[in-house]
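Please model the complete structure; the sequences and the hints are all you need to start from.
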Amino acid sequence: MVGIPTVLVTLDPEQSGMMRPPRAIHPEGFKFGHSLGKPNDAGLQTAVIKKALEQLVTKQEPGQIHFVTFPGY
Amino acid sequence: MEMSRKAIPYTPNDKALKEMTIMIVSTAGAHLKSQEPFNTDGDDSYRVIPGDVASADFTVTHGAPKEHYDTDEPKKDINVIFPIDRLRELQKEGYIGGVAEKHITMMGYAMRLRKILDETVPAIAKEVERSKADAVLLTAG
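Taken in order, these protein sequences are the chains called V and B. Quick note on numbering that gives the first Met the number 0: the first sequence kicks off at 0 and runs consecutively. Quick note on numbering that gives the first Met the number 0: the second sequence kicks off at 0 and runs consecutively.
What the hints contain is simulated information worked out from the structure, not anything from laboratory work. A couple of the hints might just be wrong.
Below, computed lysine-lysine pairings styled on DSSO-like, alpha-carbon distance capped at 27 Å [to be verified]:
1) B:114 - V:49
2) B:74 - V:37
3) B:14 - B:131
4) V:49 - B:101
5) B:74 - V:49
A few chain V residues that don't get close to chain B, going by computed Cβ distances all over 10 Å [claimed, not checked]:
6) 5
7) 11
8) 28
9) 31
10) 65
11) 67
12) 70
13) 71
Fair warning: this is a prediction, and the values are worked out from it, not measured in the lab. A virtual CB, placed ideally from N, CA and C, is assigned to each residue, including glycine.
Written out as structure tokens, the structure is:
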């Protein structure tokens, strides 16, 4: 099986880290239910999604969870 | 779990984002209002979300205590857990190549972990492989 690239946005890096996600970001300080930002804040959601998608095209060591601060949150 | 301690299941990617079709796989409990809600006592099932769905057609059912995960928030705007409108915008501006023709959702706090690992996850992996998606964006509440 060839597989398919994935990127995870996690609010619980401790739990998610146990599953060894190949590519992941953790938006720091986001509450559960706000994986990608607050409701109706399209700008912030897009910023989080772009940061996540960038991981797919960034050469990096697999298995890291990148902690990212989004000032708009 | 044991499986994942052994190795990181890394799949290399040589495509540019503007050439890639993106699928959403989420365990945040999003589903269509017309679909059977998840069972908050435990649920190993998943929902297939058609690609042409409207964001207003969603609701959220999740077993986590409300003080831990307030599902009222994604009910106001499903894009916070299932970013279908955002991905469509990114496709329109040419940032990504496309949005998948289907997406997959399930519920966290689903309890039936053994069955999920043995049956649900392989079934979801098959759905993903059969799709035309080049990559998967995973969200989890």
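Subject >> Structure versus earlier hints, numbers of those that do not hold, lowest first >> reply: The structure conflicts with hints 1, 6, 7, 9, although it agrees with all the remaining ones.
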